[in-house]
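Residue numbers (our numbering), protein chains in the order written: chain G, 1 to 323; chain F, 1 to 259.
Hints are supplied without guarantee of correctness; some may be wrong.
Claimed, not checked - Derived coverage of chain G by chain F (criterion: at least 3 residues anywhere in the stretch with Cβ under 8 angstroms from a Cβ of chain F; other residues may be distant):
#1 23-34
#2 249-263
What the hints assert, rightly or not - Only pairs whose alpha carbons sit at most 20 angstroms apart, straight line, appear in this in silico SDA-like list of lysine to any residue:
#3 F/Lys198 to F/Gly209
#4 G/Lys283 to F/Val258
#5 G/Lys283 to F/Gly209
#6 G/Lys58 to G/Arg165
#7 F/Lys257 to G/His231
#8 F/Lys145 to G/His231
#9 G/Lys290 to F/Lys257
#10 G/Lys58 to G/Val12
#11 G/Lys200 to F/Lys198
#12 G/Lys310 to G/Tyr220
No lab work stands behind these hints, which were simulated from the structure alone.
On a predicted model such as this, the values are computed, not experimentally measured, just so you know.
All C-beta atoms in this analysis are idealised placements derived from N, C-alpha and C, irrespective of residue type, glycine included.
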Amino acid sequence: MSIDKIWVLAEVADGKTVTASLELISHATTLAGTVEAVAFGDATAAVAATLGEYGATKVHDVGDLGGALPGVPVASAIAAAVASGAGPDAILFPATYDGRDVAGRLSAKIDRPVLTNVVGLAEDGGALVTQHAIFGGTQIASARFTGEGPGLFVVRAKSFPAESRGGGPAEVVAAPAPDAGSTNAARIVARHVEERTGPKLDEADVVVSGGRGLGEKDQYAMIEELAALLHGAPGASRAIVDAGWVPYAYQVGQTGKTVKPTVYLACGISGATQHLVGMKNAKNIVAINKDQDAPIFTVADLGIVGDVHKVVPKLIEALKTRG
Amino acid sequence: MNVVVCVKQIPDPAAPPALDPGTNNLSRTGKLILDESDSYGVEMALQLVDAAGSGEVTLVSMAPNGETSGLRTALAMGAARAILVSDDALSGSDALGTAKVLAAAIKRAEPDLVLAATESSDGYTGTTPVQIAELLGLPSVTFAKKVEVTGDSVSVERQTEAGYDEVQCPLPAVVTVTAGVVEPRYPSFKGIMAAKSKPVDTLTVADLGIDAGQVGAAGARQEITGVSAAEERGSGEIVVDEGDAHERIIQFLEQLKVL
Ligand SMILES: Cc1cc2nc3c(=O)[nH]c(=O)nc-3n(C[C@H](O)[C@H](O)[C@H](O)COP(=O)(O)OP(=O)(O)OC[C@H]3O[C@@H](n4cnc5c(N)ncnc54)[C@H](O)[C@@H]3O)c2cc1C
Ligand SMILES: Cc1cc2nc3c(=O)[nH]c(=O)nc-3n(C[C@H](O)[C@H](O)[C@H](O)COP(=O)(O)OP(=O)(O)OC[C@H]3O[C@@H](n4cnc5c(N)ncnc54)[C@H](O)[C@@H]3O)c2cc1C
Chain G
1 MSIDKIWVLA EVADGKTVTA SLELISHATT LAGTVEAVAF GDATAAVAAT LGEYGATKVH
61 DVGDLGGALP GVPVASAIAA AVASGAGPDA ILFPATYDGR DVAGRLSAKI DRPVLTNVVG
121 LAEDGGALVT QHAIFGGTQI ASARFTGEGP GLFVVRAKSF PAESRGGGPA EVVAAPAPDA
181 GSTNAARIVA RHVEERTGPK LDEADVVVSG GRGLGEKDQY AMIEELAALL HGAPGASRAI
241 VDAGWVPYAY QVGQTGKTVK PTVYLACGIS GATQHLVGMK NAKNIVAINK DQDAPIFTVA
301 DLGIVGDVHK VVPKLIEALK TRG
Chain F
1 MNVVVCVKQI PDPAAPPALD PGTNNLSRTG KLILDESDSY GVEMALQLVD AAGSGEVTLV
61 SMAPNGETSG LRTALAMGAA RAILVSDDAL SGSDALGTAK VLAAAIKRAE PDLVLAATES
121 SDGYTGTTPV QIAELLGLPS VTFAKKVEVT GDSVSVERQT EAGYDEVQCP LPAVVTVTAG
181 VVEPRYPSFK GIMAAKSKPV DTLTVADLGI DAGQVGAAGA RQEITGVSAA EERGSGEIVV
241 DEGDAHERII QFLEQLKVL
């Protein structure tokens, strides 16, 4: 068996391909001779140039979903291609809300297992071998499929760099979804967009995260202010997401996002293994915690033993005076 | 309205996890507990049945050694009964194998709605519920942060990258809920006592009419080939704040050319 062709689910948001998909496309070019994308929505033609630039020669366009959640129709379209023999050897999905849905649906449709939470993917003897960060990232498990392909892989963001391959625009081919009947009955009736400014959490060069050490919800405002002053994105531990201080989209860690910024600033976060797994690959880590034994200090390049309510406001003042 | 809640019984997350060196499966020797992630589904189901004015909550779980400790916790919260699938043949199942077993068990309860967590605390593949939905031929809505049932449809606020979507879906359907969606109740003393006599149907793979070669290690078409220690990240400089630690942070950021 060898890996000749890989498909990557290319998610598009606000008219642009999400970075996690571009990471997978450019990495896939190092594993297989042919890399193609699968996209859905009404903006596929607009992103064909970008998909091509990162290494996809073709994009299978499922088209507009008419308000359906992507899981069923996109999986049906891919399953049809697999059944016709035109499918790839492996399909990579970004670990996003919709990516995981499509992978799960497809898995059951074509009766193939899925390897999820993948953080590394390499070719070994004609097969793909995955890496998974387990036990809070203290150990790395390697795994592979033993059965018939295509192999389905759900890969966490930031596992690979998104690198331009200098390719020309991808050729757009229609791949409409066959009728999936009543399984495809869920409809989006309204979308709510929470206003946010500044870079996205998983793309920001600087991430400033707050945890339970902030004491109360209102104190999170200083995390947002500090993030804005550093042109970064605010993040959070699960403790304060579960407490309802900030939306889930802010969460960093095992059940949240993986971030790899130049600087990660953890304020009032203890450093539980499930948090560390999402941020310990940041290039630099600064932690502020009043407990000198807090586990976050074991990964910090600069650890400040102090009160966030004293250190952070002074930091904000000092940054403001610098202008 | 009848609701099935998938509840996973897992090793206590507070205890350090370990892999069985022989099989590289998660070791599940000690007592198992109700996965906290599923306590939200249980609470949500109880509230929905309450609001509907009729029906009951059935728990469905797959776990080794006839384990019921986690189920008893959820029964004590108020679920009416449980279906447990326990069979040595299931050891080493992957998520798709698990979904095949759970789907067959769920079918028996003929639910109007199936609830699960978006992902479990120990395996956290997050694919099992959608695989179950596909196997049952049902629509699904994942990442629910609010769930309401009106007549024969469910409306869900589904978490998105940018905020949330309002999703409408006819029943029966599978919905996965996020942590914090509702406040799980603590079992009362009365609930704990009542739970002891609530029915738990224990089934084997054969009872479900599933071919043992489809599930467990035999059906898992993936293998762990090795486990190694991750690169450790050392700690750096520690500064005790004497009122000027912010200056050290600024210096550090300047060195990195972030400022
Ligand atoms: C299955 C599972 C998945 C999980 N996934 C995630 C995840 O994705 N992300 C995540 O973050 N967590 C996750 N968790 C939760 C994780 O285990 C921790 O409970 C959580 O990260 C703790 O958040 P925290 O550090 O904000 O709170 P705490 O652990 O309560 O820490 C607060 C810290 O603030 C410090 N502090 C208090 N006051 C001050 C002050 N005035 N100044 C400075 N410091 C102060 C304290 O010393 C303490 O270290 C998960 C847990 C489980 C079981
Ligand atoms: C570290 C680790 C990594 C793994 N990686 C993979 C992988 O990449 N691919 C793979 O196929 N398997 C993998 N597995 C195995 C997988 O965890 C098991 O097959 C498990 O039975 C189902 O998956 P989950 O716990 O990840 O479920 P998830 O899909 O995360 O579970 C979501 C929800 O489904 C319900 N549910 C799941 N399992 C049960 C159950 N037994 N009883 C009742 N309800 C349940 C619960 O509501 C649960 O919260 C991994 C296991 C471990 C420990």
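Discussion item. For a C-alpha distance cap of 20 angstroms, please report whether lysine 290 of chain G and lysine 257 of chain F respect it.
Written reply: violated, 27 angstroms
Worksheet item: Is lysine 198 of chain F close enough to glycine 209 of chain F, meaning Cα to Cα at most 20 angstroms?
Response: violated, 25 angstroms
Worksheet entry | 20 angstroms Cα cutoff - pair lysine 200 of chain G, lysine 198 of chain F | Answer violated: lysine 200 of chain G to lysine 198 of chain F is near 49 angstroms, above 20 angstroms.
Discussion item. Please check whether the segment 23-34 of chain G has three or more residues whose CB lies within less than 8 angstroms of a CB on chain F.
Written reply: violated (count 0)
Discussion item. Given the hinted pair lysine 58 of chain G and arginine 165 of chain G, is their Cα-Cα distance within 20 angstroms?
Written reply: With Cα atoms ~14 angstroms apart, lysine 58 of chain G and arginine 165 of chain G stay inside 20 angstroms; holds.
Practice prompt. Measure nothing beyond the straight line between the CA atoms of lysine 310 of chain G and tyrosine 220 of chain G; if it is 20 angstroms or shorter, mark the hint as holding.
Written response: Judged against 20 angstroms, a Cα distance of about 14 angstroms means the pair holds.
Discussion item. Taking beta carbons only, do three or more residues of the segment 249-263 of chain G come closer than 8 angstroms to chain F?
Written reply: Per the Cβ count (5), the hint holds.
Worksheet item: Under the criterion that the straight-line Cα-Cα distance not exceed 20 angstroms, is the pair lysine 145 of chain F, histidine 231 of chain G satisfied?
Response: Given pair lysine 145 of chain F, histidine 231 of chain G is violated - Cα atoms ~30 angstroms apart, limit 20 angstroms.
Discussion item. Hinted pair, alpha-carbon criterion (20 angstroms max): lysine 283 of chain G, valine 258 of chain F. Please report holds or violated.
Written reply: Holds - the C-alpha atoms of valine 258 of chain F and lysine 283 of chain G are around 12 angstroms apart, at most 20 angstroms.
Practice prompt. Quickly compare the C-alpha distance for lysine 283 of chain G and glycine 209 of chain F to 20 angstroms and report which way the hint goes.
Written response: Distance of about 52 angstroms is beyond 20 angstroms: violated.
Practice prompt. Below or equal to 20 angstroms on CA atoms is what counts here, so check lysine 257 of chain F against histidine 231 of chain G.
Written response: This hinted pair holds, its Cα atoms lying about 13 angstroms apart.
Worksheet item: Going straight from one Cα to the other, do lysine 58 of chain G and valine 12 of chain G come out at no more than 20 angstroms?
Response: holds, 16 angstroms
When the structure is compared with the earlier hints, violations turn up for hints 1, 3, 5, 8, 9 and 11 and for no others.
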